[in-house]
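Colleague: These protein sequence lines map, in sequence, to chains A and B.
With the numbering used here, letter number 82 in the first sequence gets 82, and the count goes up by one each step, no holes.
With the numbering used here, letter number 46 in the second sequence gets 46, and the count goes up by one each step, no holes.
Source of the hints: derived by calculation from the structure; they are not laboratory data.
All C-beta atoms in this analysis are idealised placements derived from N, C-alpha and C, irrespective of residue type, glycine included.
Anything over 10 Å on all C-beta distances counts as not near chain B; from chain A, calculated: (1) LEU30; (2) ARG230; (3) VAL255; (4) VAL266; (5) PHE303; (6) ASN311; (7) ASN316; (8) SER334; (9) ASN339; (10) ASN349; (11) THR352; (12) VAL354; (13) ILE411; (14) ILE414.
The calculated DSSO-like cross-link candidates involving lysine-lysine, where the alpha carbons are at most 30 Å apart (straight line), are: (15) A:LYS156 / B:LYS36; (16) A:LYS138 / B:LYS24; (17) B:LYS181 / A:LYS240; (18) B:LYS263 / A:LYS13; (19) A:LYS385 / A:LYS276; (20) B:LYS7 / A:LYS242; (21) A:LYS8 / B:LYS263; (22) A:LYS248 / A:LYS290; (23) B:LYS36 / A:LYS163; (24) A:LYS276 / A:LYS376; (25) A:LYS282 / A:LYS269; (26) A:LYS201 / A:LYS156; (27) A:LYS61 / A:LYS242.
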Amino acid sequence: MNPIIEVKNISKKYNITHQQGGYVALRDVLTNVAKRPFAFLKHKAKQAVGKAGKEEFWALKDINFTVEKGEAIGIIGANGAGKSTLLKILTGITPPTTGEIRMQGSVASLLEVGTGFHPELTGRENIFLNGAILGMAKKEISDKFNDIVKFSGVEKFIDTPVKRYSSGMYVRLAFSVAAHMEPDILLVDEVLAVGDAEFQKKCLGKMDEVTKQAGRTILFVSHNMSAVQRLCPKTILLEKGKIKKFGKTEEVIEVYLHTTRSNAIVEYKKPQNTDKVAFIQKIKILNKEKVPSTQIPINENLFIEIEYQINKDIENALLSVVFNFEGNMLLVSSPSDTNGELINFNAGNYITTVEIPKFLFNVGHLTCDISITKQKPCIEFLDRKQDVSFEILNVKNPRANIFGGKNFGKISSILNYETKIL
Amino acid sequence: MNLTIIKPKKTFSWNDLKEIWQYKELLYFFTWRDIKVRYKQTVIGVLWAIFQPFMTMVVFSVFFGKFAQMPSDGIPYPIFVYTGLLLWQFFSSALSETSNCLISNQAIITKVYFPRLILPISSVATKLVDFAIASVILVGLMAYYNYLPNLAGLLIIPLLLLITFMASVGLGLFLASINVKYRDVRYALPFFIQMLLFVTPVIYPASIAGKYSWILAINPMTGVIKAARSAILGGAPINWELLAISGVTCFVLLVFGIIYFKKTERYFADIV
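All chains should be built: construct the whole structure from the sequences, respecting the hints.
Modeller: Written out as structure tokens, the structure is:
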């Protein structure tokens, strides 16, 4: 049997137009025109016919893959890797520059929940409008109308204009319409990022049902590794417009997580003409293999490496690392914790690495503040860098099985239990 | 099972027209939405569709009909000007709506695929509804002036609407495509439409221009409005030759509009 989706040599080129001199004030434009009218006209004419300062940019380059019927394929990659472009080409919103895609069966796309929702229309009217935009026939919508309303849980407000809805209700209604589409192929972008956790779970459950029971084919773009892992047995990793790896989800996520990410290294420029006694130059977030990465699976250790400069001998200093979770201070840590003694630094360059054990923090985004302070005679910040962030991922998390993928609490330490039969 | 093939876009193929037919329900829903939404949260609601042309007619009748003693080919001036205004407002509002349809629906264009041609067509359909509502006033005016219309002449109205439709969609498609890239259209268009009103025989009869009336004939709306007056209000016989020229011009305009629209369509989602 033929594959249901066949993607052959798909490439997409964008032209980036460079505007002359960036943003300019009207006054500057006018003086410029007055000074050199012909150069200005020439430039404008070139711009009009589309020849001025263009640069080509290949958002996708030679993408090839096939999908069999009933498969759910995840698409992951860093921002700007081409995920959304690929999806837009698959949906037909924008045509490819080269290549061909063959898809068998009806195709529906969900790039956003509530596309075309009109604030002035009521919930009932929007269900019909949105359904039609998503490609459902009028009869199909009428048949499923009751299910849609029931799934959304906004029965009471179905004849109220949606502009009076809370954002949660709005999203629920919108997703509910989308969830009742019955295409052969469903293309989904990062739509589950909206809504509360409870609703996200419901959506994931619905999508699970769609693939596993109804045998739909799904392409699912997401940043949410645990969602990809849950829904899709196979995954495509895109990097700079090319397929880096296509295979079993676990292996692909592994590759993705261990790729160097630029924001895992934060470098600071020293301001000129300062007499800073201490200066933090570089902070790196490293995974267990000491490769820079900001996304760390919960069951792996990570390292924070701090490079700093001490310009003058300091006595009684403290290097401290503060971890924040959802805006709350979660842990204050320093090398001095071991013996309770402050450090005396001699001038020079230093590098300090701290290892954070696995299962210390629970799944989520953490930020850390790193500071060097002089503690005596009074507390004085010598240098302080804030908001270096990393993410603990819900992959290979043994407890995710117990609580249905949920994460309770802020710390995640696994404690020793001893059970005896009496 | 239907097969979807995605390839680099060609300019135009007959499949495009077939596709519009497949999406006719969406076309219906877009039109339905625009009509529903338009007069929401207004006190007099749909009466606005009548109020606007009616007040324009009153003002024109007072200033041009009464004070300026504008000739009107022997027809009561209010009826004369209103017949012209009806078609003119259909044309001008459809044109400006079409030109903006891609911009005002950009959230949908960048998220869902459907044949983009649906949008301009639905904008015009919306205006057709306004036209129908505003026509009620014309009936009222005729009753008031005891003016018996030429009932056989009413048969020509669908043809006139078709020509107006082609003119506004054809021109609108050009402007809509340009508008995606250059927002200048938004500023130029209201001004352009205002100018155009004066070179169209709405306020005055085409005969006023005397031997220069051929200049007016370049404007396709001239033929339409003249024919409407001849057919419904009687007076001079319909100038079929002029109407045919208008029809052909508008058809050519429409074809070029569609071709240009299709040619530029592929980058709408990227740059809108």
